[in-house]
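Chemist: Modelling step: build the complete structure from the supplied sequences, incorporating the hints.
The listed protein sequences correspond, in order, to chains A and B. According to my numbering, the first sequence is numbered sequentially starting from 1. According to my numbering, the second sequence is numbered sequentially starting from 1001.
Simulated from the structure, these hints should not be mistaken for lab results. Where is the CB? At the ideal position from N, CA and C, for every residue including glycine. Take the hints with a grain of salt, since some may be wrong.
Stated by the list, open to error - Under the rule of at most 30 Å between Cα atoms (straight-line distance), these lysine-lysine pairs were calculated in the BS3-like manner:
hint : chain 1 : residue 1 : chain 2 : residue 2
1    : A       : Lys-157   : B       : Lys-1068
2    : A       : Lys-157   : A       : Lys-5
3    : A       : Lys-75    : A       : Lys-157
4    : A       : Lys-5     : B       : Lys-1068
5    : A       : Lys-157   : A       : Lys-76
6    : A       : Lys-5     : A       : Lys-76
What the hints assert, rightly or not - Listing some non-contacts, in silico: residues in chain A with all C-beta distances to chain B over 10 Å:
hint : residue
7    : Ala-29
8    : Leu-104
9    : Ser-112
10   : Val-124
11   : Leu-133
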Amino acid sequence: MPNDKVTFGFWVYLMSDCVLFAGLFATYAVLQGATFGAPSVQDFVSLPFVLVETLLLLTSSFMAGLALLAARHHKKVLALGALALTLLLGLTFLGMELHEFGRLIAEGSGPSTSASLSAFFVLVGTHGLHVALGSLWMLVIMLHVALRGLSEGTLRKLACFGLFWHFLDIIWIFIFTFVYLFGALAL
Amino acid sequence: MKTLRTYSIGFGISLLLTLGAFGLLQEHLNNQHTFPPHSAMVPILVALALAQLLVQLIFFLHLGDEDKPRWNLTLFAFALIIVAILVGGTLWIMHTLAHSQMQEQPDVRVEENIFPQPPDE
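Modeler: This is the structure we're talking about:
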């Protein structure tokens, strides 16, 4: 169903979400130097930690694609398994991000410390919020698949969810590059 | 063209691009910012990110696979223009502002004699 109206509507939402993130990226780019003497990304970034986060989310995105593929071939158990793996990887990513946030706040580098950190928390946190809501959505879809089977409606929900999950991975690639890698480069 | 093969190729290339960006930066930091040269790092990292964007759009989001009135692609191009105006415009304006405020600010306390010198004897 490539020309499905529902999928197109969802694509419209994704593109508007893209503009939301563009605003947050622009804010971060402008404010990242306004550290007010507090530590900034280049002081606390741990590259291996962020690499693991990135690989987790990338694999999760791949698994979401496999789940949709399995569902299209009416392999219900396989689709549910791939979705469970997607969820597990997504939640691990979220756990790591919350761990990083918790550590920063405990060290006194919370979002209210400097404009740079405010922009950092809002950008990364908004992405994290998307991942959290996506995880919840995934859980609901898994229940639908388990209870109602792979109807046309569930397949469409799964296709929209797949788009959303891949989109979040793309946003993360840019956070990985422009926030963490550029931070380590000490721009 | 939504097959296991497409997803696997996309996953493989994305993995290589991510590890490549990470490896190059690590190499750069290990060599005290000398190799790869510092000036080359920003274009390299941006190019790798954009390459991965393209790979994931094609292999994961299947952009461009739809039939003729390609509304998804059209909307994507429109969003891209908005993003370019928003981010490019913000950076341009804020950079110009910072640049025009570069001259030394006079010290208000000295000008207004707010903290007068202690009187002599």
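Chemist: Broken hints, numbered, in rising order?
Modeler: As far as the earlier hints go, only 7 is violated by this structure.
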